[in-house]
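**Student:** Protein chains in written order, with our numbering: chain A, 46 to 501; chain B, 1295 to 1361.
No wet-lab data here; the hints were simulated from the structure.
All values derive from a computational prediction rather than experimental measurement.
Fair warning: there could be bad hints in the mix.
Estimated spans, in silico, between C-beta atoms of each pair [as the list claims (entries may be wrong)]:
no.: 1; chain 1: B; residue 1: Met1341; chain 2: A; residue 2: Asp343; range: 42 to 48 Å
no.: 2; chain 1: B; residue 1: Leu1339; chain 2: A; residue 2: Glu300; range: 35 to 41 Å
no.: 3; chain 1: B; residue 1: Ala1307; chain 2: A; residue 2: Glu316; range: 54 to 60 Å
no.: 4; chain 1: A; residue 1: Trp123; chain 2: B; residue 2: Asp1317; range: 36 to 42 Å
no.: 5; chain 1: B; residue 1: Gln1303; chain 2: A; residue 2: Leu146; range: 47 to 53 Å
no.: 6; chain 1: B; residue 1: Gly1313; chain 2: A; residue 2: Ala102; range: 48 to 54 Å
no.: 7; chain 1: A; residue 1: Glu319; chain 2: B; residue 2: Met1341; range: 24 to 30 Å
no.: 8; chain 1: B; residue 1: Ala1307; chain 2: A; residue 2: Gly347; range: 15 to 21 Å
no.: 9; chain 1: A; residue 1: Ser311; chain 2: B; residue 2: Pro1306; range: 54 to 60 Å
Even for Gly, the Cβ is constructed at its ideal location relative to N, Cα and C.
One letter stands for each residue in the lines below.
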Amino acid sequence: MSALDLSLRAQAAAIAAGEADPAELLDAALERIEQRNPAINAVVEAFPEHSRAMLEAAPDGPLRGVPVVIKDEWPLPWRAQRFGAAEMMAATAPGESGPYLALRDAGAVIVGVANMHELGASSTGNASVYGPARNPWDSERCPGGSSSGPGAAVAARLVAGSVGADGIGSIRFPAAYCGLTGLKPTFGRAAMAGHHMDGVSTTIVSGPLTTDAADCRLLGSALFREELSGGEAGGLRIGVIRDAVSEDVAPEVREACEAAIEALRSETGGEVREVELADLDAAALATVLIANVESLGDSTAGRLNNLDPEIGPINRGFLKYRMLLPAAAGVKSHGIRTLMRRRLADLFEQVDVLAWPTVPAVAPPLEAPLVELPSGTLTADQANVRGAGLANLTGIPAISVPVGLGAGKLPIALQLQAAWGRDELLLDAAEALERANGRRWVEALPPLAEAEPAGA
Amino acid sequence: MEGPDRAEQFIPAGLAALGIEADETDLAVMNAAHAMFWPSIRDLLAMDLGQLEPEPDQDLSRAPDQR
C-alpha cells in the first residue's frame, strides 16, 4: 500500500516519525493525479515546482509534508482563483489567501487546485469551465457541488484531505455524494481572508473534506488555527424533525439515516428527541436569496450584457434573473434569519445536535441531475438546499458523515448540526458514529480507488 | 399578484428597466428560475415579521443571546 492511502493523520505521523519521505509522498500524489484524475477531473491544475517549493520551506507543523488540494475558490501566490468559471463577476488576482496561509503554516503541501461548479452555483458539480468533475463511485454521477473537485479528489484518494468552501451546503453536498466527512464550520471560525467575498458574504466559510472525522479534526484545526480538541459525545441528545428534510427523502436514505441515528444514540448512551422547527422552507429560500443578493455588488447591466461566451447557459440566465429579485424579499430573508437563529438557540437548549439526511437522495446523473422523492421529481438543487441552507443562514456548524451505500453502491450521508462554536462536538459525534458502525462507511472505497493503477 | 404565469411580462419588463439584454436561452432559463422561485418568494413576502424583535449587532459566529 502506498503511504498515499494512509489517512491524513497517519501520513503526518509517518513523516514526523521519519517513516515516510515527504518528497516521495509528493511524487506519489502527483503520479496518482496523473493516473486517476483523467477519469474524474477533480484536479484542474497541478504545479509540481510550487509544491516542491512549499515542501522545501514547510515548517515543522502538524501537517508537515502532507499533500492536499484546495478548491478553485481561493487565490494562491502563484495563481488567481477562477471560481470554476470563464469569468468571475468579482476581481481576482494571485495572493496569499487565508486557507493557503493556514495550510502553509501547518506544513501542508498544496499539490493542486480542485475543480468546482461554475460560480459556486449548484449542489451538483456538473458544470465548470474545466468540464464537470465526476464522482469516483460512478463517473456518470454528480460528485456534488460546489466543492466538486475537493470531494472527488479525496474520494479517489488522490490526496487524503482537501479544502472547500460552503455558502449553501457546498462542502456537505460533495461529502455526501462522495462518501466523505465534510465540516461546515461555525461562521467566521475558519480561514476566509482573500476570498473574493470576504467581508461581504454572511454565508460562506472554508472547511475540510476528508475520509473521516479524525482527519477532519486535524485539517480543521489547521484552518481554524486552533486545536479542535477531541472529547466524548456522551449522553448525546439528538434532535430529529418530522419535516420534509427527514421525510421527503428516498426510502434507502431514510432507512440508512434512521439506523445511523439509532446507532449514534446507542453508542453515546444518549436519547433521540422529536423536536419542532417551523419554516425550514422559508429558511432555505432566505439562504438562497441572501447569498445571491450578497453577490450582486459587481453586477451591472454592462457586465451582464458582455459576459464571457464560455459562461454556461444556466448561469448566464440566472446572473441576469437575480437582478430582478425584489428588495423586500431580501429584507424578509434577514428577518427569517433572525427568527431561525432565535428558534435554534432555544432548540439547542433541548438537544445537542440536530440530525437529518445531508441530501435526500444519492448522487444523480451528471447529464440530468434530478432526484426521485416521495413528493415527486425535483432538481437536485431544489431538493438539496432544503436541508443545507439553515446552517449557512444562521451561522451554526454542520457536518456530513457517510452512513451507508444505496442500491447503486452510491454513498448515503447523515448531517449533524450543533449550536454556534460546537464544531468539536460534531466531530466527537461523527467519531462516535464511526465507532458504532465499525468504521464501515468511512473506510469504504469507490471503484476508482480500489483499482490499483498499472505499474503502481 | 405576480405569478409564474406572468413571467413573460415580469421578466422582459424588469430587464428593460435595468437595460439588461437577454437572448432566447437566457429567457428560457429565467422563466424556469421564475417558475421555481417566485411562488416561494411570494409566500415569503406574505409572512408578517412585523412583531419580530431585531437582533442588534448580529454576530453569526455566536448564538443570539451570547453577546
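**Student:** With reference to the structure, classify each hint as holding or not holding.
**Tutor:** Hints, verified against the model:
1. B/Met1341 <-> A/Asp343: 42 to 48 Å: 30 Å, violated
2. B/Leu1339 <-> A/Glu300: 35 to 41 Å: 38 Å, holds
3. B/Ala1307 <-> A/Glu316: 54 to 60 Å: Holds - the Cβ-Cβ distance for B/Ala1307 and A/Glu316, about 55 Å, lies within 54 to 60 Å.
4. A/Trp123 <-> B/Asp1317: 36 to 42 Å: 37 Å, holds
5. B/Gln1303 <-> A/Leu146: 47 to 53 Å: Since the Cβ atoms of B/Gln1303 and A/Leu146 sit about 51 Å apart, the hinted range of 47 to 53 Å holds.
6. B/Gly1313 <-> A/Ala102: 48 to 54 Å: At roughly 50 Å between Cβ atoms, A/Ala102 and B/Gly1313 fall inside 48 to 54 Å, so the hint holds.
7. A/Glu319 <-> B/Met1341: 24 to 30 Å: 25 Å, holds
8. B/Ala1307 <-> A/Gly347: 15 to 21 Å: At roughly 20 Å between Cβ atoms, A/Gly347 and B/Ala1307 fall inside 15 to 21 Å, so the hint holds.
9. A/Ser311 <-> B/Pro1306: 54 to 60 Å: 59 Å, holds
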